[in-house]
Amino acid sequence: GESVGLHLPTLSVQEGDNSIINCAYSNSASDYFIWYKQESGKGPQFIIDIRSNMDKRQGQRVTVLLNKTVKHLSLQIAATQPGDSAVYFCAENSGGYNKLIFGAGTRLAVHP
Amino acid sequence: DAGVTQSPTHLIKTRGQQVTLRCSPKSGHDTVSWYQQALGQGPQFIFQYYEEEERQRGNFPDRFSGHQFPNYSSELNVNALLLGDSALYLCASVRKGTGATEAFFGQGTRLTVV
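Taken in sequence, the protein lines are chains A and B.
Here the first sequence is numbered in the numbering used here, starting from 55 and rising by one per residue.
Here the second sequence is numbered in the numbering used here, starting from -15 and rising by one per residue.
Think of the hints as simulated: they come from the structure by calculation, not from any bench.
Nothing false has been slipped in among the hints.
To list a few chain B residues with every Cβ distance to chain A over 10 Å, as calculated:
| # | residue |
| --- | --- |
| 1 | ARG(-1) |
| 2 | GLN2 |
| 3 | SER49 |
The list that follows gives simulated cross-link-like pairs (lysine-lysine, DSBU-like), each with its CA atoms no further than 35 Å apart:
| # | chain 1 | residue 1 | chain 2 | residue 2 |
| --- | --- | --- | --- | --- |
| 4 | B | LYS80 | A | LYS110 |
| 5 | A | LYS96 | B | LYS10 |
| 6 | A | LYS125 | B | LYS80 |
| 7 | B | LYS10 | A | LYS125 |
| 8 | A | LYS110 | B | LYS10 |
Over the 12 Å line for every Cβ pair with chain A, so calculated as not near, a few chain B residues:
| # | residue |
| --- | --- |
| 9 | PRO(-8) |
| 10 | GLN1 |
| 11 | ASP46 |
| 12 | GLY68 |
Ideal Cβ placement from N, Cα and C applies to all residues, glycine included.
Using the sequences and the hints given, assemble the complete structure.
Now the structure itself:
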């Protein structure tokens, strides 16, 4: 079946360090992936997306890497800031139009 | 430009009651999806509405129903509430047909069933 999972439930980093959040997916037919950030009491906020015809995409301080061979994607955050503290979800577009399958999430805690 | 707006923000209901949640999509968007997010978990897809019809559905019972209006706003109805229906209910919108599939989420409605 389709599933999106995350390797680590919690990640603690020092302010200024780089953060890497990992995600595994099981549906090899998936062609679109999204990273969302969710702060306490708020809805998920779009960070960056990537399609299966790419292996890397960069945004402002963020990079998403996609490895289709092992069905793995990662989110890299450069120079992590306290405002980056949140739960991060990867989501897979599951066959239908914009039917997203989310993993359980990784909590990122940034320490001064 | 208003993003996705949901109402109410918080709601407390008793088991067996019925509830209606509302969503206004982002300006220019015509497709609305609803998700249920239990505490400590990722959002789970409930269903999606486009052109006032339910187009896709996740693994949720018939107690969960919805509606989309001509102005693209949407309602989520849940009948015969169970304690397990307590969750954050999220609405997401996109504009179908553009090729873009970035979904914008609202702040959610926190439903507590007692």
